[in-house]
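K.L.:
If you want the building blocks of each chain, they are given just below.
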Amino acid sequence: MTTAAVGAPGSARRYLHSLWLLSARDLKVRYSTSALGYLWSVLDPLVMSAIYWFVFTQVFHRTVGYEPYIVFLITALLPWVWFNSSVSDFTRAFNRDARLVRSTAIPRSIWVNRIVLSKGVEFLCSLPVLALFVVLSYFTDHPAQLNWGLLWIPVAVLLQTVLLVGLGLLVAPLCVLWNDLERTTKLILRALFYASPVIYGVEDLPGVFETLAAFNPLAGIFALYRVGFFADEWDPWVIGIGAVMSFLFLALGIFVFRRLERPVLKEL
Amino acid sequence: MTASDLAIEVQGLGVRFRRNRRGRRSIKDLFSDSSRRSKPGEFWALRDVSFDVRPGESIGVVGRNGQGKSTLLKLVAGVLLADEGTVAVNGGVAPLIEITGGFVGDLTVRENVRLTAGLHGMSKAEVARRFDGIIDFAELEDFIDTPYKHLSNGMKVRLAFSVVSQLEEPILLVDEVLAVGDKAFREKCYTRIDELLADGRTLFFVSHSERDLRRFCTRGLYLDKHRLAMDAPIDEVLDRYNADYPVGA
Chain C
45 MTTAAVGAPG
55 SARRYLHSLW
65 LLSARDLKVR
75 YSTSALGYLW
85 SVLDPLVMSA
95 IYWFVFTQVF
105 HRTVGYEPYI
115 VFLITALLPW
125 VWFNSSVSDF
135 TRAFNRDARL
145 VRSTAIPRSI
155 WVNRIVLSKG
165 VEFLCSLPVL
175 ALFVVLSYFT
185 DHPAQLNWGL
195 LWIPVAVLLQ
205 TVLLVGLGLL
215 VAPLCVLWND
225 LERTTKLILR
235 ALFYASPVIY
245 GVEDLPGVFE
255 TLAAFNPLAG
265 IFALYRVGFF
275 ADEWDPWVIG
285 IGAVMSFLFL
295 ALGIFVFRRL
305 ERPVLKEL
Chain A
140 MTASDLAIEV
150 QGLGVRFRRN
160 RRGRRSIKDL
170 FSDSSRRSKP
180 GEFWALRDVS
190 FDVRPGESIG
200 VVGRNGQGKS
210 TLLKLVAGVL
220 LADEGTVAVN
230 GGVAPLIEIT
240 GGFVGDLTVR
250 ENVRLTAGLH
260 GMSKAEVARR
270 FDGIIDFAEL
280 EDFIDTPYKH
290 LSNGMKVRLA
300 FSVVSQLEEP
310 ILLVDEVLAV
320 GDKAFREKCY
330 TRIDELLADG
340 RTLFFVSHSE
350 RDLRRFCTRG
360 LYLDKHRLAM
370 DAPIDEVLDR
380 YNADYPVGA
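Residue numbers (my numbering), protein chains in the order written: chain C, 45 to 312; chain A, 140 to 388.
Simulated from the structure, these hints should not be mistaken for laboratory data.
From a predicted model like this one, the values you see are computed outputs, not experimental measurements.
We put the beta carbon where it would ideally sit given N, CA and C, even for glycine.
Hints may contain errors.
Partial selection, computed: residues in chain C whose CB lies under 8 Å from chain A [said to hold, decoys possible]:
id: 1; residue: R69
id: 2; residue: T148
id: 3; residue: E305
Here are some chain A residues the structure puts well away from chain C; computed CB gaps all over 10 Å [as the list claims (entries may be wrong)]:
id: 4; residue: D191
id: 5; residue: R193
id: 6; residue: Q206
id: 7; residue: L220
id: 8; residue: D222
id: 9; residue: F242
id: 10; residue: D245
id: 11; residue: L258
id: 12; residue: I274
id: 13; residue: M294
id: 14; residue: E334
id: 15; residue: R358
id: 16; residue: D378
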């Protein structure tokens, strides 16, 4: 009777089918309903890069990061935008599509993972901007020094996916049960931007903060993104702790999600 | 009979809700086993419900408002999880449990059909093949690219029934949505349900209309005081229900 179906209910194939269906819908809505379309995924990081580049190279005398600073900024800003937009969307992951969640018996983790996936695709689509600035840097006094560390970028993407899925499984159900958390999350995100090595590098932090920063998984992940352009960013301690922390968040997320799935469905 | 021969197997089912939305929650809830303690301010919407359904049976759920009929359907559909007991469903479920079919307001009729059918496992090609039939049945040819939220209530129900009844799932759940449509459309729905039943689908039907229940269902489940009070042929169940709650008394 179910010849027309894609995989059996509960199979991995059906899971991916549903996941892609929802993510593709997000992307389609984002790209087809606005005049600027693709530009939106690069506009945010571009404007932010321009601001920080202006403030730290033209206004202040910069002592942090590496040359070319604009490449240094963009290598972390693009993944930051993926992180930031995903986590802000997690706060409404269930509420936004409450009707669908209430009437469709697909595995509930899809509502979280579809955000990671669609924002991740947007992130990958924004990478050409990074390539553009790398090329442009060859016409300046400080060309980017590419090295084999570039091969770490896929690992960084994977690690960031692990971290985001973990955070999503943690944040999304909690936000359904406690409304206050939605605004708290936004506040934490804003603080986290300056607490993470985006406009500076981990090694620029003074004293004990350098050790503490390693426990922010974003520090290790951003270091992996940067290592292909700035070989000095390689720091096994920061990257190792970052990887461990990412998987710890995933484990915590899975635990909390299992516990909260039941009350969340009652609440919607 | 082995378990796999059954379409639905429900064992000692219970689900608990909070009485007021502002009930206090604590981080401790995270770590406590949800099935054990009964907390103050909570009540059992359903408890100790057990029954088996064989494939092809058509079952009517009877009971007053607030006795757990819709909750039972949601548990069978898997969009709500039980606090105790188990629900085992063999094969997929086509649920018509929300009056609006659970469609997304901002998407157009076309996008909603693709999304809902897709989430029930229909491939893109299959959706495309059936699309005209679905729209035709719902009589929405002129509204294919209209955002769902701009449809009238009647149109919404027509679309919801049309999509759900096209899903190739062996079990169909219908929760009193048919009361909304006009008479002509209702007749069309009845014909479609008859076809599905003749096709060997299992039907789970919640309704306050005695006529509908007697027409489609062979077996009745009577929910009273949040428990399964009776599980018998539909005529006996309805007689008991009418005796318990006489009209006009």
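K.L.:
State for each hint whether it applies.
P.N.:
These are the hints, each one checked on the structure:
no.: 1; hint: R69; in the structure: holds (6 Å)
no.: 2; hint: T148; in the structure: holds (5 Å)
no.: 3; hint: E305; in the structure: holds (6 Å)
no.: 4; hint: D191; in the structure: holds (20 Å)
no.: 5; hint: R193; in the structure: holds (16 Å)
no.: 6; hint: Q206; in the structure: holds (17 Å)
no.: 7; hint: L220; in the structure: violated (5 Å)
no.: 8; hint: D222; in the structure: violated (7 Å)
no.: 9; hint: F242; in the structure: violated (7 Å)
no.: 10; hint: D245; in the structure: violated (8 Å)
no.: 11; hint: L258; in the structure: violated (5 Å)
no.: 12; hint: I274; in the structure: holds (18 Å)
no.: 13; hint: M294; in the structure: holds (16 Å)
no.: 14; hint: E334; in the structure: holds (14 Å)
no.: 15; hint: R358; in the structure: holds (22 Å)
no.: 16; hint: D378; in the structure: holds (33 Å)
Violated hints, listed in ascending order, are 7, 8, 9, 10 and 11; each of the other numbered hints is respected by the structure.
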